[in-house]
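One-letter residues, chain by chain:
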Amino acid sequence: MRESENIFTFLRKELRPRGNIFTPFNIISGITILAGAILIAIRFIFGLSYVTNLNQEFPWGLWVAFDVMAGVAFSGGAYVLCFVVYILNEEKYHPIIRATILNGLLGYMFYAGALVFDLGRWWNAMNAFIGREFGVNSVLFLVAWHFFLYTICLLIEYSQVLCEWLGLKRVRLFVKSITLGTVIFGIWLSTLHQAGIGALVLMAKPNIHPLWFSEFVPVLFFVSSLFAGLSMVIFEGSISKRVFWGRLPIEHEHVRSHDEILLSLGKACAVIMFGYFFIRLFDFIHGHHWVYLGTIYGMIYVIENVGFVIVPMILFSVGARERKLLYVKVASLLTMIGIIINRFNYVFVAYKWYIPFSMKYIPTWMEVVVTLSIVFLEIWAFRFCVNRMPVLTPMPAWAKKQDEKKSEEAVIPLWRKEAIL
Amino acid sequence: MERRDFLKLCLSSAGGLFLSGFARSSRAFSGEASEKEFMGILVDTTKCIGCRSCEVACSSSHGLPSPNIEQEVWNVNDTTTERLTVINRFSTAQGNIFVKKQCMHCNIPACVAACLVKAMKKREEGHVTWEENCMGCRYCMFSCPFGIPRFEYASPTPRLQKCDLCYERYLRGEPPACVETCPQEALIFGTRRELLLEAKKRIALYPKRYVPHVYGEKEVGGTGYMYLASVPFDQIGFRTDLESKPLPEYTRPFLYSEPLVLIFWCLFFLGLNRITKKEEKR
Ligand code: SF4
Ligand code: SF4
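So the protein lines, in turn, are chains B and L. Going by my numbering, the residue at position 339 of the first sequence is 925; the numbering climbs one at a time, nothing skipped. Going by my numbering, the residue at position 176 of the second sequence is 177; the numbering climbs one at a time, nothing skipped.
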């Protein structure tokens, strides 16, 4: 924002769409979002059963499995990269940190926000935060609070960009000063609620197929959020490259190191996935579960773990070693599909596995449309921000000056200050 | 904030969380929370004649539409949002056996541990009840090992329905509607201790009549509803794969780990600090 402008004219100018409105993507996503909005209205006016296939046996369906469970895992990239950049001070990944935080923030806002559609008695949703009684022994209580607090953390982490966009110089200095604390708090919250989403299924032990149930589910969910998040970063990075690079004045640094960053992220994924696979294998052998391998669930299990864990793991490591970006991109896509399959399995495929397949929950097309509209809305919001705010583009000169002036205090992490003094 | 202050803050808050964690968990996980004994119902399936008057009594006492028991064919029925209890018929080597199905009123219920707003409650007297402050997340349904809670999906203002062991009638000093109406005394209402004694006595007195197992004595840590039968329970529609460990125990390690992870992260950052210090000297 320029000094002379007032905030309203500025916002009015910024809210106007940029570029061609009637691109194929816009048309398809626009129609989907419209349809999704109508379906949501139907759901609120008449009830869940008019839109979803949820039933008494399968209380959770696509919305919980995809929006919440998978969506939150995909948003995990933000805390992983924050750890690497702000805690380990690995400057190499700095160019992508803003896009990743934005992606995480929107992920939490849209996917976890979509949970409200799924809540049968949504007008009571605030009871978990300001209710007369708290179910403190509930894992879901913990997860809900962590969602809430972590979204605020991400907002604070992202607000630097907002300040640069709006030209709020004093505020920017303030949020910058609390960024590190926020990052640490955010990592703690993330570790626990990523694991917590896994811990949700622990209590349903009798209902979950033994191949999937394990006391390690929280650990598995946490570890898988690491590589799911990074895969999302890789995926989003390669899409952003196509979409934004030609049109925006991207930071030089960003362009130069982009491929390098994606390759090393791929390498990290390969290592983490190996660990993940190892835990699952250990669990499989430990639980004497081979009797189930011959069944249809055994097949699903093998497909999930070979096709969507081992294969992308190999692709990641080969791609990183041979410097083949395509391998890494394909692997990230496979990994993300694998995460979705994995979460589906926990929520409704391997859930109540003793119920015959003919009576299992299958999402309606309406549930799919609503889910798609949320994804599209998130993309729209992402595009809106990237086009206008200094996410990929360089930050304004005044912000750079601020950073330089404050460099001793602002850039050097808290615990290093003492070392220098 | 100085580093030391930061660490102090971390450690003290971790300690606080840890202590509060202990306080809350020891109360919630210790089953019999108060001096009062849990009430329950003993179902003797060898006495049930399948008249289904309990179904009718249940519906009328809960203000639900009366089931049409004359015309309904016998197949494996399930409870619905309008039928909190159903009688099912199983043909076995011992002839037809009628089995009542409803919420089991677990001693340490998964559904109660699941609820994040305490809409689902284990009352001191043993009743597991639902209240209107529920937000409809359906985590209780997801967790229940017997698949009991029923959700009114077809309503814009859905409620959760399940047997509440006639909590309101209990407060008025009346027995549950189904127990009161049963012409065969197949259902008896009492404290769990009394019921277990009675069940064991019957098994001891009539070893030919009963299999030596009280369903609900140990399953998922014990349930308020308990059953006697003349055939193994898997033949009359019961899950026999349930362990005696209460399900909420499975999440306990995770809930404990919450403060531990905070401490772990603090130590981790401290370690990082050391490492960077060394680098600085070199
Ligand atoms: S049977 Fe299900 S609904 Fe009833 S108390 Fe046990 S866990 Fe809760
Ligand atoms: S659906 Fe209602 S009663 Fe069940 S866990 Fe959620 S808030 Fe609690």
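Since the hints were derived computationally from the structure, they do not count as laboratory data. Where is the CB? At the ideal position from N, CA and C, for every residue including glycine. Some clues are possibly wrong.
[Claimed, not checked] Looking from chain B toward chain L, a few residues come up when the C-beta cut is under 8 Å (computed):
hint, residue
1, Arg602
2, Val725
3, Phe821
4, Ser944
5, Met945
[Unchecked claim] Derived lysine-lysine pairs resembling DSBU-like cross-links, with alpha carbons at most 30 Å apart:
hint, chain 1, residue 1, chain 2, residue 2
6, L, Lys48, L, Lys119
7, L, Lys219, B, Lys938
8, B, Lys938, L, Lys122
9, B, Lys938, L, Lys119
10, L, Lys246, B, Lys938
11, B, Lys678, B, Lys599
12, B, Lys946, L, Lys246
We went through each hint and held it up to the structure:
1. At its closest, the beta carbon of B/Arg602 sits 37 Å from a beta carbon of chain L; the interface hint therefore is violated under the 8 Å criterion.
2. Interface restraint check for B/Val725: the shortest CB-CB distance to chain L comes to about 5 Å, inside 8 Å, so the restraint holds.
3. For B/Phe821, the shortest C-beta to C-beta distance to chain L is roughly 28 Å, which exceeds 8 Å, and the interface hint is violated.
4. The criterion of a C-beta within 8 Å of any C-beta in chain L is not met by B/Ser944, whose closest approach is roughly 15 Å, and the hint is violated.
5. Proximity of B/Met945 to chain L is violated relative to the hint, the smallest CB-CB distance being about 11 Å (cut-off 8 Å).
6. Of the supplied pair hints, the one linking L/Lys48 and L/Lys119 is violated, its CA atoms being roughly 37 Å apart against a limit of 30 Å.
7. A distance of roughly 22 Å separates the Cα atoms of L/Lys219 and B/Lys938; the hinted pair therefore holds under the 30 Å criterion.
8. The hinted pair formed by B/Lys938 and L/Lys122 meets the criterion: a straight-line CA distance of about 24 Å does not exceed 30 Å.
9. Our distance criterion of 30 Å between C-alpha atoms is met by B/Lys938 and L/Lys119, whose separation comes to about 25 Å.
10. As the CA atoms of L/Lys246 and B/Lys938 are separated by approximately 20 Å, the hinted pair is consistent with the 30 Å bound.
11. Restraint check for B/Lys678 and B/Lys599: the C-alpha separation of about 35 Å exceeds 30 Å, so the hint is violated.
12. Note on B/Lys946 and L/Lys246: the hinted pairing holds, with a Cα-Cα distance of about 28 Å set against a maximum of 30 Å.
The structure shown violates the earlier hints numbered 1, 3, 4, 5, 6 and 11.
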